[in-house]
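**Student:** What follows is each chain in one-letter form.
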Amino acid sequence: MSEPLELSKKYQHMVTQCSRCGFCRAVCPIFDITKNWATNAGGKMVLIKEILDGKIEPSEGIAKSLLCCTTCMNCTTNCPSGVDPPEVIRATRKDMVNLGYDNMFKAMSDVIAKTGNIYGEKEKYDWGHKHERAPYVLFVGCVGTYREEESVEETINLLDILGVKFTMIDEVCCSGVLEDVGYQAHKNLAKHNIDEFHRTGVKAIITTCPYCYRVFKNHPFYNGLNLELQHITQFLAKHDFKVKTDKKVTYHDPCDLGRHAGIYEEPRQIIRKIAPNFVEPERTRENAMCCGAGGGFRGSSPKESITIARTRLRKIMEETGAEILLTECPSCLHNFRNAKLRRWNIEIYNITEFIGKLYKEMDVRKNVAA
Amino acid sequence: MNTMHEFIDIVGEDNFSDKIEDLIPYSYDASINVYRPDALIWPETADQISQIVTIANQKGIPIIPRGAGTSLSGGVLAIEGGIVIDVSKMDTIIEIKIADRYATVQPGVICDNLNKELSKHKFIFPPDPASSSVATIGGNVATNAGGIKGAKYGTTRDYVLGLEVVIPTGEIMRTGAYTMKCVSGYDLPKLFAGSEGTLGIITEVTLKINPIPLHAMTAMATFGRLEDAGHAISETMTKSNLIPSVMEILDKVTLTSIRENTPIELPECEAMILTETDGYTWHEVEAQMMVILEILKKNNPLAIKTAKEEKERMELWEARKTAYATLSRISTGVLDDVTVPISKITDLLTGIQEISQRHGLIIGTYGHAGDGNLHPQILYDSYNPEQVKKMEMVESDLFHLAVSLNGTLTGEHGIGLSKADYMGLEHDKVEIEVMKKIKKALDPNNIMNPGKMALHL
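Chains A and B supply the protein sequences, listed in that same order. Numbering follows the numbering used here, with no gaps: position 31 of the first sequence is 201. Numbering follows the numbering used here, with no gaps: position 308 of the second sequence is 318.
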């Protein structure tokens, strides 16, 4: 058996480097709703420090407490001491699992291994678009496939309208999320996806999910991919669209797309083409607040996750007065839609879904006129 | 029924914790002290706090009030165990009354959030601690927080008009007034400001607010000798016939750490002065700055640069605000806040350098030189007993130096635990006795933040 806390020890210097200045309190989506210092990055650095210094013993409670982080990296971006708390927390979560503390994600790991998706769904909708040869493959991920199907449908519709030649594969979960919650990605699933990509002979992969994008780009299991990789916003940024909306539109930067992948400009390039009345929220780009869905937090604390999404959505509405909130992440989309109160006068879409919808409306108008 | 259940009945289960994973983080603040409380409570009303304190007073349970916990002196730590009362959930801005120039807030309101709301009315609460993005107003009052604008705009105490406080017996007291002036009885709001939670829990604060100066201009001057920077500061504060809104100094160690750890471009030099003038017309702001620039020029600067553009100015102030945390990237640090009369600032600067060399520990120094308040940050390896001992000797020497220069142990961080042993160095026996009598009169059972400010010794 490996040494206890082996992974966390690699980050001892970072834990010591935390000056407890508390600046992370201002940007943490979980602290924002709990006001409990223990749920914040600085609090967790202290907790991990005491474990590493041998002052306290790891426990089930500590393992659960360490799940209170969406790994949104807002603390990292704003840490003047140069600490990367999500990186440290991920390592300690793994140590906790190795020490035998089941942090409730073992079941998810098993389900992913068994069914190839995070929800354990046995059947999935067939989107068609299975071609033997195409320049691009569209990868839509678990949340898109099983929870935000309408969004995926509109995205496919848009790509068809734009004349993009693409294929879809028999995709399985990238399984990267397991690395966030104490477990490891499944190599056989990665191999399945890689084999599928190569089988189609495509030159590039387009992902709608920024998390899958990150995993394909950074996880060693995908080292053999050797294919161009684009998030759908990068792919569409160079396209022109024949539709526009007069409505007031705003944009939420998904953490996985923004702080994790550094993609801020492309979504805005697309939005400016279709929405002249575009307005930024106060906390945006590198400082955008998280929707509360990431890092396994939606799974471990569903109620709080929705509260965070509701808080973010309410702020965006107050600050911008927008009628349309766009984002480009199935998880953000899913959390916001679940969090939206019926009486709130705002519609929420992925960018691609929204453009697809505008095209559809234009067609309807044309047909009526004809 | 045990006491913890009584507390849960008052605030609800969601607002109480005695889980170790919650208690550990609350064993720390930004100082080097560590003391674990027995339980944590997040009250939502003054009435809840009153009920909790009443029980604690009857049973002799220590109560430790806490805001954002950015304290640098151990002031929010449970040295005798007990209950931490975290007021972060009491974060409502109750009233902004521009017509009468005051704002009333709950103690958990974040300093920057108050200023964001005030700015909509072109008003400001001027004290500006580096932690303003997270520091709570309750904590600011309890520690009499200062900041970079102290020389011209004073500290939190100067803005406290009125308070609502739960005193150690559990009674709720309203003190002060909504007026700009008030000599009606003892000035209790001013006593509670800076009392470090030893006299009660602040549950509401009425603050004087100022109109925002419409214009500001920043200048940066670099020096090859620390003494030249020190003289420039003393001269500006005493001979210019004006008070700059800011007069900050950063030494070589601090500048190097900021330069190496942030994208901010800073010059290589022994010391840098950052100064700002503000006012209601450009003419006024520029005229003041011209006077200061003349003084800076007379003191052998390497370079002088002015910044009028907001972005350029903000970048320089950002550099200053990150000093503490960027220095901590080098190693663990103890941050002090010794303060001396302005004419002694050069002696303090050179004295700190001498102490650093004598003990062989790196000290990064920066601070609000315009009001004589410096922040020497002692860098050491907290896992090395020899270095820990050296750090303690350095700190002792710093305090002796400050007091020998007619200064004080602490300009704005407070005594807390870190400086409690040195109270006798600065205060005579009679004064300490008076402080103890005040404490005893209000808190006969010594339950309110016990062990702080040497009031128990």
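These are computed hints drawn from the structure, not numbers from a lab. Every residue, glycine too, gets a C-beta built ideally from N, C-alpha and C. Any given hint could be a false lead.
So, partial list: chain B residues that the calculated Cβ filter (under 7 angstroms) puts toward chain A [as the list claims (entries may be wrong)]:
1. Y38
2. K99
3. S194
4. G370
5. I372
No more than 20 angstroms apart at the CA atoms, straight line, and that leaves these computed lysine to aspartate or glutamate pairs for EDC-like [claimed, not checked]:
6. B:K99 to A:E474
7. B:K447 to B:D197
8. B:K126 to A:E474
9. A:K417 to A:E452
10. A:K205 to B:E54
11. B:K354 to B:E296
12. A:K485 to B:E23
13. A:K234 to B:D101
14. B:K249 to B:D357
15. B:K126 to A:E398
16. B:K126 to A:D272
17. B:K126 to A:E366
18. B:K29 to A:D272
19. B:K318 to B:E296
20. B:K69 to B:D48
21. A:K443 to A:E474
22. A:K373 to A:D416
23. B:K130 to A:D410
24. A:K284 to A:D416
25. B:K99 to A:E436
26. A:K225 to B:D28
27. B:K191 to B:E174
28. A:K205 to B:D357
29. B:K130 to A:E489
30. A:K234 to A:E349
31. A:K205 to B:D197
32. A:K205 to B:E23
33. A:K225 to B:D391
34. A:K485 to B:D101
**Student:** Let me make sure I understand: some of the numbered hints might not hold for this structure. Which ones are they, in numerical order?
**Tutor:** When the structure is compared with the hints, numbers 3, 4, 5, 8, 11, 12, 13, 15, 16, 17, 21, 22, 23, 24, 25, 28, 31 turn out to be violated.
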